[in-house]
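Undergrad: Given chain A's structure and the hints, the job is docking chains B and C onto it.
Top to bottom, those sequences are chains A, B and C. FYI, the numbering for the first sequence is 90 to 411, going by the numbering used here. FYI, the numbering for the second sequence is 6 to 637, going by the numbering used here. FYI, the numbering for the third sequence is 336 to 630, going by the numbering used here.
Be aware that one or more of the hints could be misleading.
[Unchecked claim] In silico negatives: residues of chain B with every beta carbon more than 10 angstroms from chain A:
id, residue
1, Thr-163
2, Lys-166
3, Asp-329
4, Gly-382
[Stated by the list, open to error] Derived Cβ-Cβ restraints for the label pairs, each shown as a range:
id, chain 1, residue 1, chain 2, residue 2, range
5, C, Leu-538, A, Gln-155, 46 to 54 angstroms
6, C, Arg-345, A, Leu-312, 37 to 45 angstroms
7, C, Arg-346, A, Arg-219, 41 to 49 angstroms
8, A, Arg-325, C, Arg-521, 43 to 51 angstroms
9, C, Arg-454, B, Gly-138, 53 to 61 angstroms
10, B, Ala-499, A, Gln-155, 43 to 51 angstroms
11, C, Thr-428, B, Asp-541, 41 to 49 angstroms
12, C, Leu-483, B, Asn-100, 55 to 63 angstroms
13, B, Asp-329, C, Leu-483, 30 to 38 angstroms
14, A, Met-165, C, Gly-592, 31 to 39 angstroms
15, B, Ser-465, C, Leu-439, 51 to 59 angstroms
16, B, Glu-98, A, Asp-154, 36 to 44 angstroms
17, A, Phe-120, C, Arg-521, 24 to 32 angstroms
18, B, Ala-499, A, Met-165, 35 to 43 angstroms
[Said to hold, decoys possible] Stretches of chain C that chain A covers, calculated by requiring three or more beta carbons in the stretch to come under 8 angstroms of a beta carbon on chain A:
id, region
19, 554-568
20, 583-596
Since the hints were made in silico from the structure, they are not lab data. Each residue gets a CB set at the ideal place from its N, CA and C atoms; glycine is no exception.
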Amino acid sequence: MSRGAGRLTFVARKAGWALLTLAFILAVNFFLFRIMPGDPAALLARSQRLSPEALAAQRAEFGLDQPLLAQFVTYMRETVSGNLGVSLVSGLDVTQLIVSRLWPTILLLGVGTALAAGIGVIGGIRGGWRRGSSFDSGSLYTSLVLYSTPEGWLGMLLLLTFAGFLGWFPAGGFRSSADGGPVDVLQHLALPVLALSLGYVGQYLLVMRSSMIEVKSMPYIALARAKGLTDPDVRRRHALPNAVLPIFTLVVLSAGFILGGAIVIETVFSWPGLGLLTYEAINTLDYPVLQGVFLVSSGAVIFTAFLADITYGLLDPRVRSA
Amino acid sequence: MGRGNFGRWRSRAALGVAVAAVAMTGGLATATSAQAEGGTTLTIGTTVAIDNPNIWAVNSTTEWESVTLQYDMMLKFSDEDLSAAPSLATGCEPNADFRVWTCSIRDDVKWSDGTPLTAKDIAFTYQFVIDHGFGYFTSYFPKGSTFETPDDYTLVWTTPKPMRGPQLPPWVYIVPEHIWAPYADKPNKEIKQASMFPTVASGPYVMTAADPGQSWTFERNPNFWGEAPHYDTIVYRLYTNQEAMVQALKSGEIQIAENLESSLLPALESIPNVAVQRVTADTWINLAFNFGGQGPDSNPLPALQDLQVRKAIAMAIDKQAIVDKVYLGAGAPGETIVRPLSVYWHLDIPDDQVIPYDPAAANAMLDEAGYPMGPDGIRLDPATGQPLILRLPTSNDTPGSEAAGRMIASFLEQVGIKAEVQPVSAGKVYDMQQSGDFDAYIWYWSGDPDPNYQLSVFTSDQCGDLSDGCWKDATYDALYAQQGEEMNQDARLALVKQAQQYVYDQVPAIVIAYPNSIAAYRTDLVTGIVPVPAGDGYLTPMYSYTSLVTATPVGAEEATDNGGDSASTPAETDSDSAGSDQAAGQEASADTGSGGGIPAWVWIVVIVAIVLVVAFVVIRRRPAAADRPDSE
Amino acid sequence: MTNLTWTRRRRAAAATWSAFRRDRRGMLGLCILVVFTTAALLSYVVVEPTDLDPALAPGLPTQSPSVTPPLGTDQFGRALLDLLLVGTRVSLTVGIAATLGAVLLGAAMGILAGFYAGRPIGSVLTALTDWFLVIPWLVLAIVLAAILGPTLLNVIIVIAVTSWALTARLVRAQTLSIREQPYIERARALGASNARLLTRHILPEVAPVITAQGVLTVAVAILSETTLALLGLGDPNSMSWGRIIEEAFQAGAMSNGYWWWILPPGICVVLVTVAFSLVGYALEEIVDPRLRGVR
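Next up, chain A with everything else stripped away, as it sits in the complex (with noise of 0.2 angstroms):
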């Protein structure tokens, strides 16, 4: 009874935090894009050439003639209520920009990280059991020399070399056509997946790696080899699903991080998701494509980092009075 008292307390403090964090995104996505310079109604009847009564007339009907508080309470109340407004530049409905736009970054960084990771992993395991090894050397140094790389500059050799100068790959877009295949869709999708994975590959392999090393030297892994347990049956069954549990949380997290990973990428790549969408909706100063996408990816990270939270409290229950 008591236990399921403290699970209880546990998930809803967790929630309850979770819910405290994103009424704190909500404000500071409002004004955080505000201070940002110039009037993005000017700067459409610039490009417009729209006489002053006109602009005028687009700055109402953009609501920004209304003081400042007015338009945050607006604001907040919409987005409440799910309407997450129009887009300043386009007229279009950013849910509806955001949901057209979510599937491409998804895949992107899904396959990207699932292939980051699963690399990374596996070497880390290997390196980090075989310390000083040759691999576990060459690993390290690889792994080290593609996280030190800049994105956007890998990204840039290998659609110069790929797509350009071999002409393997298509050289950008998510598929030829509107009825491309799946395979069409992969056959884009390559050049930004390996950009993402190289990039993260280091990343999960150092993590993997010390975590493998911190948990060899516990004493447990000497007692199960005191035991006689070969190993390969050490590793597995002792080291590794103990050692594997910081990736675990890692992945979880970077399922949230829809947004910094991918604007580069997909800027690099012209692959159309909320990364691409974000850079430009900056140029442009479209607060409310800007608010709806700080909004979702925040969310996500916030209800990525709880589900985290909850599954390793659920389980393990020292972490819960923490």
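TA: Same frame as chain A, but now just chains B and C:
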């Protein structure tokens, strides 16, 4: 033991599901599209997206192209020099006092859905625009415009004051009344979100599909009233960076590339079978001086009020060098404020009257004007005792502005003026323009074929709105007003040229350069394009759809000319690109509507898969935990 | 008492150095850093201001490498070697300065959050840290860059603001464990004030972790600056490596085949980042007692 095995089975299942879900992405995402058919496709690469295909939300350059491709105007921009030419209207006649214009409309035009186009559609469109205040379009209708249609093929446009009206011509696309009438009472927000595929229009192509952030597909309008185009399908593809677009041109993924920057000229010119089109500038790079008076933060250098100083600065700048180094020769040194693409209105200063690049003369001029050289090589303003230091922001939405700014700073150093280049965002430049917190900035102007807008920017009452530096000159204001009221085209032309000359002489701003727009196309894949305006005009429909109507697949042209002795047929014209499986023959099909639309159940599957994978890892942990000693 | 403490600290420092010297990877990193620092200092001597001026640069535009110029030129005729040397200066400066800011802020926040954990102020600080971890750094960086304007100082501020949270988190964890140590209890029983506890006891214990983390943060800071510059948000008046790459990119370097323009700056970034990481990891191993002795 049993649990361990179970864990393994579950993990395999989870992974299998995850992989399958990922692999099905493409197929599911395109479940709504039909199968490809035969036909010729022209693919155009661009770096600017069509965010919203709705005609009333038109904003980006590619969106303008898309609309120009699909719709007609009552009078169009002539293919020769962008002056008004017959289109839906065969002609328009004013009455004696230019307050009533009567236009005769063609009787053989049909909408793409078969409905006949009449003057009522035109009247409806104009009224719709006025009622809803669609900023860009309303500027063509003087206050109090009314429209009547005494019969189906006559439009009468009446205004309280004399106007040029149709002469401009009004850059307003005609939409079908029977489609848009239901939206007449709706709020603008809703109108701008209306989405219809295919669009109903009168031009040679209509939009049939949109893949947001990716590509937009247009197909031939079977009811088009003009000369039939040669391509069945036109596709615009978005590339976020130039390099990728050039690669795509190389591989034949696209046949035309637009919005290219001059930095890629060497690469383009080295690709075989690629022709480069250097389009005469329709924008110009502006070094605008600040005259102050915007507000409390406005504090420009007082010396800028002195015409001699501004003239000296103009003489100190080697515009040709900027064109050569920054724009790699793709452009011309700037002169007057009406861009050269407006062939009819642009004033070309004769070579012997151009302000020359002459730093020695500039130095002499400044010496004479009484600005002594200071100890560190910077001249001093005798009135304030302060050195001549210019804060020179450059806007990041103007290609080459920063490099040009640096070169200008270096030129000005030669005449004893120090310039501090500050590259900033366009938003920041806008703030500076409003507050007056700068000395001179580098931005760009682009205008309409009609010079009225461009000229208006330099008038006194645009201070606080469009005016760059709040230059106030009564003579100029009078000239501007005069050309606005002059109904006679020739007389007006003289006034417009006079206004340009005056600005050139008074130097409130320096036109640094007329950078070319650069486009390129594969000569072995597409041919016959007639640029608009003629000669160094656009390959893509910026002002007219003629260029794409005349575009012909290589091979098809020979087939029709020589009675079919050539080996290739229209369907074979396209790419040999390795690694991509789209061919010329494939058509994008009818509606995909929202591009990446994934049904809900895919989401559920993916989430379940992730949860299962996570659970797998967790379950694997349990047996090991049981083995561990309880301490810690 | 003080003398003893200093002797103890000096001996610890000497021990750290000899341990570090034995770490081959750490030494490799250090060597690379020495080379680059020398290059940065050299740039003050070798490079004239006119060499960097787009209008006045002596070389011919976009020359490929040969005897002179050894690394070719960019579109304005500026020698790549000059640009890279100056870039070393800028990138190192930004990296270190931003890290100082991030580490100072992070350490302060982390120590306070850990020390006062369980009390309201501690929870607030922890929450603040978590919030900064949650915000997507690149978006925040882009927005801050747009607000503040692209000067070098602002870039440093932006990177510091987006990087401090990780250090804070680690320092907080470390502080929490130190807090429970018996000697802290004893000092408190002897009447030490909070300030004294923080400065005399906790800070020195946390310092090694901060240092190790700091070195690693420099690597991240340099990468961040490169990313910002690639996106066009860096200081356009200073020639960091990221900026060189961005200019090369804008000028169509790869399509035009100017490989000497786009490859070397990226390679420099990689080398320096790897170097800082190697040194940082070596320090981390020395500092973290659990990893020591497991060679």
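Undergrad: For each hint, tell me whether it holds in the structure or not.
TA: So, going through the hints one by one against the coordinates:
no. : hint                                      : in the structure
1   : Thr-163                                   : holds, 21 angstroms
2   : Lys-166                                   : holds, 16 angstroms
3   : Asp-329                                   : holds, 27 angstroms
4   : Gly-382                                   : holds, 33 angstroms
5   : Leu-538/C / Gln-155/A: 46 to 54 angstroms : holds, 50 angstroms
6   : Arg-345/C / Leu-312/A: 37 to 45 angstroms : holds, 40 angstroms
7   : Arg-346/C / Arg-219/A: 41 to 49 angstroms : violated, 35 angstroms
8   : Arg-325/A / Arg-521/C: 43 to 51 angstroms : holds, 45 angstroms
9   : Arg-454/C / Gly-138/B: 53 to 61 angstroms : holds, 58 angstroms
10  : Ala-499/B / Gln-155/A: 43 to 51 angstroms : holds, 47 angstroms
11  : Thr-428/C / Asp-541/B: 41 to 49 angstroms : holds, 47 angstroms
12  : Leu-483/C / Asn-100/B: 55 to 63 angstroms : holds, 59 angstroms
13  : Asp-329/B / Leu-483/C: 30 to 38 angstroms : holds, 35 angstroms
14  : Met-165/A / Gly-592/C: 31 to 39 angstroms : violated, 54 angstroms
15  : Ser-465/B / Leu-439/C: 51 to 59 angstroms : holds, 53 angstroms
16  : Glu-98/B / Asp-154/A: 36 to 44 angstroms  : holds, 42 angstroms
17  : Phe-120/A / Arg-521/C: 24 to 32 angstroms : violated, 47 angstroms
18  : Ala-499/B / Met-165/A: 35 to 43 angstroms : violated, 59 angstroms
19  : 554-568                                   : holds (count 6)
20  : 583-596                                   : holds (count 3)
Of the numbered hints given earlier, the model fails hints 7, 14, 17 and 18; all others are met.
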